[in-house]
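Participant: Listed below, chain by chain, are the residues.
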Amino acid sequence: MFDDPQNVKRLLKIFFSSVIFLLILDIVYIFLSNAHVIHRHVNYKWEEFWGFYAFFGFVACVILVLVSKYVLRPLVKRKEDYYDN
Amino acid sequence: MNTSKDKKELMELKHDSVPGYKGVFAVVFTFSLLYMAYILFQPCF
Amino acid sequence: MTTNILPAFIFIIGGLLIPFFKGRAKTVYMLLIPVAGFINLLYIPFGDHFLVGFGEFKLVLLHIDRLSLLFGYIFHIISFITIIYILNFKNDVEYVAGFIYAGAALGAIYAGDLFSFFVFWEMLTIGSVMLIWARKTKAAQSAGFRYLMVHAFGGLVLFAGIVMHFTQTGSLEMLKITLTDASSYLIFFGIGINCAWPILHPWLTDAYPEATIGGTVFLSAFTTKTAVYALARLFPGTEALIWIGVGMAAFPIFYAVIENDLRRVLAYSLINQVGFMVVGIGIGTELAINGACAHAFNDILFKGLLFMSMGAVIYRTGKIKATDLGGLYKSMPWTTLFCCVGAASISAFPLFSGFVSKSMVMEAAAEGSHLVGQGSYVIVWLVLLFASAGVFHHAGIKIPFFAFFGHDSGLRVKEAPKNMLIAMGIAAFLCIFIGVYPKPLYSILPFQVDYHPYSIFHVLSQTELLFFSALAFTLLLLAGIYPSEIRALNVDSDWIYRKLGKTLYNTFDKVLNPLNTFCESIVMAVASSTARFFKDAGAKISLFVAVNFWLLAGYRDKRLEIKKQRLYNDILQGTLPAGIGAAVAITFVVLVYVLT
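Chains as they are written, first to last, in numbering that gives the first Met the number 0: chain A, 0 to 84; chain B, 0 to 44; chain C, 0 to 595.
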């Protein structure tokens with residue numbers, strides 16, 4: 000199934016489209032809630048910005064990975080038999 | 000149980016980059032970072 | 000008066016009888032234990048049962064309220080599922096240890112007083128360490144030993160706290176404790192060790208990945224959740240817990256990203272999930288406690304499911320390192336599917352169980368931040384949001400991706416055995432059922448709830464969060480930035496007792512040993528000369544008396560020597576006639592009496 004690079008490409012295409020679709024959906028949502036068609040309950044002003052959760056998720060994960068790779072790993076990585084001797 | 004005893008165990012599994020995606024990542028990340036910084040500088044209440 | 004049976008005893012006594020059954024009867028019998036326990040549970044009315052007077056202690060072995068009932072239900076459910084999962088192992092040690100462990104957890108959550116709580120708490124350690132040792136590898140043996148040491152220490156701390164608490168208040172009741180004096184802090188930290196608080200946590204990530212395939216599933220359900228229960232019972236609304244929980248939710252995900260052993264990745268994400276619960280208990284509002292309990296309930300299911308799917312991978316391939324795995328979806332499609340359900344649930348995708356419980360804690364934190372003096376809860380909320388994105392990243396994507404997709408390891412194996420698939424299927428079904436229809440879960444929460452997870456905003460925002468976390472993973476991977484999987488060991492705070500402790504020991508060994516040897520030689524010299532003296536003291540004294548007597552009687556030279564020798568030998572060998580022996584003994588006593 001995923002041995003065919005064509006299928007992987009197709010999957011990526013679907014994924015990227017759905018990501019963009021979500022951002023468009025968010026615009027629609029903001030428009031509808033401003034027109035009071037949908038009631039929106041938020042705790043913070045931040046949440047009212049377009050794509051707050053989307054970009055937060057993205058930035059959070061990238062920072063998570065970068066910190067793990069460039070800060071944590073150099074600090075804690077040891078050979079597999081570190082504790083054995 | 001194990002079908003590939005003869006296969007050598009990998010010490011490291013690298014993830015090779017696909018050409019073109021470094022740029023995409025850089026653009027998306029820079030934009031997201033700036034946008035997030037802008038939002039979080041706003042008062043939260 | 001009640002005719003019910005103590006839930007813990009059904010499991011413990013029932014478990015001990017397992018070895019007496021054979022073949023199919025054993026299977027049926029083992030499955031019947033949790034079922035019987037569950038039915039028994041349904042008929043126990045609320046309140047205190049099994050009151051035992053024990054001197055001035057009033058013990059309550061069975062305290063039923065909404066909180067303990069909720070944990071009791073899920074403990075029965077996960078026991079049932081796990082038993083199905085391990086049916087093909089045919090290992091009585093694992094079966095018995097599993098039931099004792101589960102029974103101890105049930106005993107602890109139903110204990111109505113601190114003393115019986117402590118007794119079951121200690122049993123929990125015994126059952127779990129058996130499950131680790133049952134793996135029978137050297138790594139498991141030493142990890143189990145460290146696990147035992149840490150929990151023995153934790154037990155001591157808790158016990159000291161309970162004793163002090165009793166002497167101060169004269170009560171053993173399981174009521175809310177405020178952090179004021181030493182006793183409350185001791186109890187707090189005793190529970191905290193089992194709850195895997197930051198820095199106190201490495202016993203978990205050290206030992207869980209070393210346990211048996213089924214053992215890890217058991218372990219993931221009981222120890223930490225019993226601790227969560229105990230915190231919810233004894234320390235609700237304790238502010239320190241919020242920050243401890245925030246730490247738990249945040250730091251393990253960094254380790255999870257660079258960890259190569261996939262069961263260890265899950266162990267780190269277990270701490271991360273427990274962090275959400277601890278935050279909820281720390282906030283302490285009805286919504287927060289409900290959220291913590293609901294999340295504990297769900298976590299037991301989806302974390303169990305994830306550990307089961309990884310266990311199936313070990314069972315078939317004998318490997319668990321990300322560097323050795325990949326591409327297994329072809330040979331284990333069902334396991335892959337169930338793993339993905341577990342991954343979606345832990346990541347809190349809409350329609351999966353995590354979605355309906357994790358957000359309750361988040362919502363409680365956000366609501367709390369609007370109150371005067373609790374503005375810092377905004378940070379709590381932000382960190383939890385960060386952790387929610389991160390958990391999808393490492394548990395939701397990393398686990399299935401590196402095991403079942405990704406780089407093809409070339410491993411071609413059989414699908415997991417039927418009983419394992421059934422167990423995973425039940426857990427997966429429950430994860431989706433609770434996610435789609437959370438009402439039954441909400442109805443058994445400690446407080447009445449009016450919480451609706453499926454608002455348009457919540458669904459949309461959560462989907463955005465998760466899709467963009469996935470986007471981050473995809474882009475990082477394609478850009479070649481994602482850290483490579485490396486066979487390595489990542490030191491954690493267990494370094495303190497695994498390396499520093501050893502180094503200190505060696506240093507002391509080098510410095511103190513010569514001194515030690517010297518002292519020892521002196522002690523030995525004194526002791527041995529004393530011993531030499533006392534060895535034949537009786538004989539010498541008798542000789543001294545006898546020789547004078549013989550001299551008076553006229554014995555001389557050779558005959559005297561022979562007589563002396565005979566007497567000396569006779570006394571040392573005890574061949575002296577009893578009468579003479581007694582006489583000498585009396586002489587000796589008299590001599591001592593006269594001389595002193």
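These are computed hints drawn from the structure, not numbers from a lab. Nothing here was measured: the structure is a model prediction, and the numbers come from that model. Where hints are given, some of them may not hold.
[Stated by the list, open to error] With beta-carbon atoms standing in for the labels, derived distance ranges:
(1) Val27(C) / Lys78(A): 28 to 36 Å
(2) Lys501(C) / Val70(A): 53 to 61 Å
(3) Ala151(C) / Phe1(A): 56 to 64 Å
(4) Ala151(C) / Lys78(A): 54 to 62 Å
(5) Glu79(A) / Gly19(B): 29 to 37 Å
[Claimed, not checked] Facing chain B, from chain C, some residues (calculated, C-beta under 8 Å):
(6) Asp91
(7) Ile319
(8) Gly326
(9) Val377
(10) Ile378
(11) Leu475
(12) Ala478
(13) Ile480
(14) Tyr481
Cβ coordinates follow ideal geometry from the N, Cα and C atoms, glycine included.
Participant: Check each numbered hint against the structure and report the violated ones by number, ascending.
Facilitator: 1, 2, 3, 4, 6, 7, 8 and 10
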